[in-house]
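**Q** Sequence:
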Amino acid sequence: MSDALVLAGGVAKGAFTAGALSVLSDPETRARVGLDVTRIVGASSGALNAVFYAAAIRSGTEAFAGQRLAQVWLDDATLGGAFDFSLRDLLGGLGLSTDNKVLALLRRHVRPAPGVHPIELRLVVTNADGEPISTDDGAVATTFEHVVDLTGPDLDTPEALERVFVAAAASAALPGAYAPVPIEVGGRTVRGLDGGLVDDTPLGHALIGAPEVTRVFVLVPSPRVRTEPPDLRGLALASHVFDILVEERLVRDLRHVARVNRVLARLPSIVTDPGERAALLEALGWTGRRPVQIVEIRPDAALPGDGFSGFTSLALRQQYVQAGREAATRVVAALGSGPGSVVGTGP
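Just so we're aligned, residue 0 is where the sequence shown starts under numbering that gives the first Met the number 0, counting upward by one.
Note that these hints are calculated values from the structure, not bench results.
Values in this document were obtained by computation on a predicted structure and should not be read as measured data.
It is possible that some hints are incorrect.
Said to hold, decoys possible - Restraint ranges, calculated between C-beta atoms of paired labels, are given here:
| no. | residue 1 | residue 2 | range |
| --- | --- | --- | --- |
| 1 | E281 | G79 | 50 to 58 Å |
| 2 | L279 | R254 | 15 to 23 Å |
| 3 | Q70 | A277 | 46 to 54 Å |
| 4 | R31 | R232 | 28 to 36 Å |
| 5 | G203 | I269 | 19 to 27 Å |
| 6 | T188 | Q70 | 29 to 37 Å |
Claimed, not checked - The calculated SDA-like cross-link candidates involving lysine to any residue, where the alpha carbons are at most 20 Å apart (straight line), are:
| no. | residue 1 | residue 2 |
| --- | --- | --- |
| 7 | K100 | A277 |
| 8 | K100 | L89 |
| 9 | K100 | D128 |
| 10 | K100 | D230 |
| 11 | K100 | R232 |
| 12 | K100 | R110 |
| 13 | K100 | F143 |
| 14 | K100 | A140 |
| 15 | K100 | G129 |
| 16 | K100 | D148 |
| 17 | K100 | A30 |
| 18 | K100 | P157 |
| 19 | K100 | G79 |
| 20 | K100 | D136 |
| 21 | K100 | P131 |
| 22 | K100 | R190 |
| 23 | K100 | G114 |
| 24 | K100 | E130 |
| 25 | K100 | A176 |
| 26 | K100 | D88 |
| 27 | K100 | R162 |
| 28 | K100 | E161 |
| 29 | K100 | F310 |
| 30 | K100 | P111 |
| 31 | K100 | V115 |
| 32 | K100 | L231 |
| 33 | K100 | D74 |
| 34 | K100 | R265 |
| 35 | K100 | V71 |
For every residue, glycine included, the Cβ atom is placed at its ideal position computed from N, Cα and C.
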């Protein structure tokens, strides 16, 4: 039994995730809830947080890693710290900024350090050029979702870590704000864009091929239920569209996990023969599956500002970090529900 973390994006609201991780990485909290993270999945700005935290686990410095990450957001998540404005890319219609500043931040705060602790890191990138996949019926289709699968050794050397940084920068390359980031996929160079366009809260990727994961912490900088009318003008509209991409896929993933949990819980009483039950699970592609507890860490209400406001306001970034701490503290206090339940915050 182990835990997975799913770290959503939210542009500058990624500071919320750092605040939540500052609670989860406290040694006392980790011991009290039995936190044992073996897989981290990230998309958009969540990919940047995921790389930082995965490297801390790998190097044995997970204790208080969230506090260190929160400080990075407070100090460096500014327009000057995160954006390398490029006239060439702007005139070419590619975006306002290159990924140079993002890569520089990662290089400064995530250092290669050979470690012994196992960790799986999955970063979701939008492959703007598309890539072929085989469907269940044997046909071929084009997908734009690309998952970069990484393990502990990918964090150990400067050369390997550089490839991780490029993948994270591509996952965070919000169209319009950043130019596409070239990445290698299947022996060819493609253009990578923000992973949030295809799956900003990739809950499914926390479970695929990981039957040992029985608890998933999902960190999202938005409330579970929205009641306020959105602002549909200017940057606020762009931010709301991005929120829609995050929320819609997550709602579907949560419903799917809940349905699977219900089936797994009822199956022994419906199919009593162990052999028949195993055959049924194999036919469903669920061999090794067990009920999974989803632990959602969210703010009580929508965070102030849009996804970009925090880059120009230290006060907002401080609010985001504090909101993450408060949400994680409430959830940790509520933990203890049985497997298969959903623990969350918000209305």
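**Q** Hint by hint, note whether the structure agrees.
**A** The hints, checked one at a time:
{"no.": "1", "hint": "E281 with G79: 50 to 58 Å", "verdict": "holds, 55 Å"}
{"no.": "2", "hint": "L279 with R254: 15 to 23 Å", "verdict": "holds, 22 Å"}
{"no.": "3", "hint": "Q70 with A277: 46 to 54 Å", "verdict": "holds, 49 Å"}
{"no.": "4", "hint": "R31 with R232: 28 to 36 Å", "verdict": "violated, 45 Å"}
{"no.": "5", "hint": "G203 with I269: 19 to 27 Å", "verdict": "holds, 25 Å"}
{"no.": "6", "hint": "T188 with Q70: 29 to 37 Å", "verdict": "holds, 35 Å"}
{"no.": "7", "hint": "K100 with A277", "verdict": "violated, 51 Å"}
{"no.": "8", "hint": "K100 with L89", "verdict": "holds, 16 Å"}
{"no.": "9", "hint": "K100 with D128", "verdict": "violated, 24 Å"}
{"no.": "10", "hint": "K100 with D230", "verdict": "violated, 30 Å"}
{"no.": "11", "hint": "K100 with R232", "verdict": "violated, 28 Å"}
{"no.": "12", "hint": "K100 with R110", "verdict": "holds, 16 Å"}
{"no.": "13", "hint": "K100 with F143", "verdict": "violated, 25 Å"}
{"no.": "14", "hint": "K100 with A140", "verdict": "violated, 35 Å"}
{"no.": "15", "hint": "K100 with G129", "verdict": "violated, 26 Å"}
{"no.": "16", "hint": "K100 with D148", "verdict": "violated, 24 Å"}
{"no.": "17", "hint": "K100 with A30", "verdict": "violated, 36 Å"}
{"no.": "18", "hint": "K100 with P157", "verdict": "holds, 18 Å"}
{"no.": "19", "hint": "K100 with G79", "verdict": "holds, 8 Å"}
{"no.": "20", "hint": "K100 with D136", "verdict": "violated, 44 Å"}
{"no.": "21", "hint": "K100 with P131", "verdict": "violated, 32 Å"}
{"no.": "22", "hint": "K100 with R190", "verdict": "holds, 18 Å"}
{"no.": "23", "hint": "K100 with G114", "verdict": "violated, 27 Å"}
{"no.": "24", "hint": "K100 with E130", "verdict": "violated, 28 Å"}
{"no.": "25", "hint": "K100 with A176", "verdict": "holds, 13 Å"}
{"no.": "26", "hint": "K100 with D88", "verdict": "holds, 15 Å"}
{"no.": "27", "hint": "K100 with R162", "verdict": "holds, 16 Å"}
{"no.": "28", "hint": "K100 with E161", "verdict": "holds, 14 Å"}
{"no.": "29", "hint": "K100 with F310", "verdict": "holds, 13 Å"}
{"no.": "30", "hint": "K100 with P111", "verdict": "holds, 19 Å"}
{"no.": "31", "hint": "K100 with V115", "verdict": "violated, 30 Å"}
{"no.": "32", "hint": "K100 with L231", "verdict": "violated, 30 Å"}
{"no.": "33", "hint": "K100 with D74", "verdict": "holds, 14 Å"}
{"no.": "34", "hint": "K100 with R265", "verdict": "violated, 51 Å"}
{"no.": "35", "hint": "K100 with V71", "verdict": "holds, 13 Å"}
Of the numbered hints stated above, those contradicted by the structure are hints 4, 7, 9, 10, 11, 13, 14, 15, 16, 17, 20, 21, 23, 24, 31, 32, 34, listed in ascending order.
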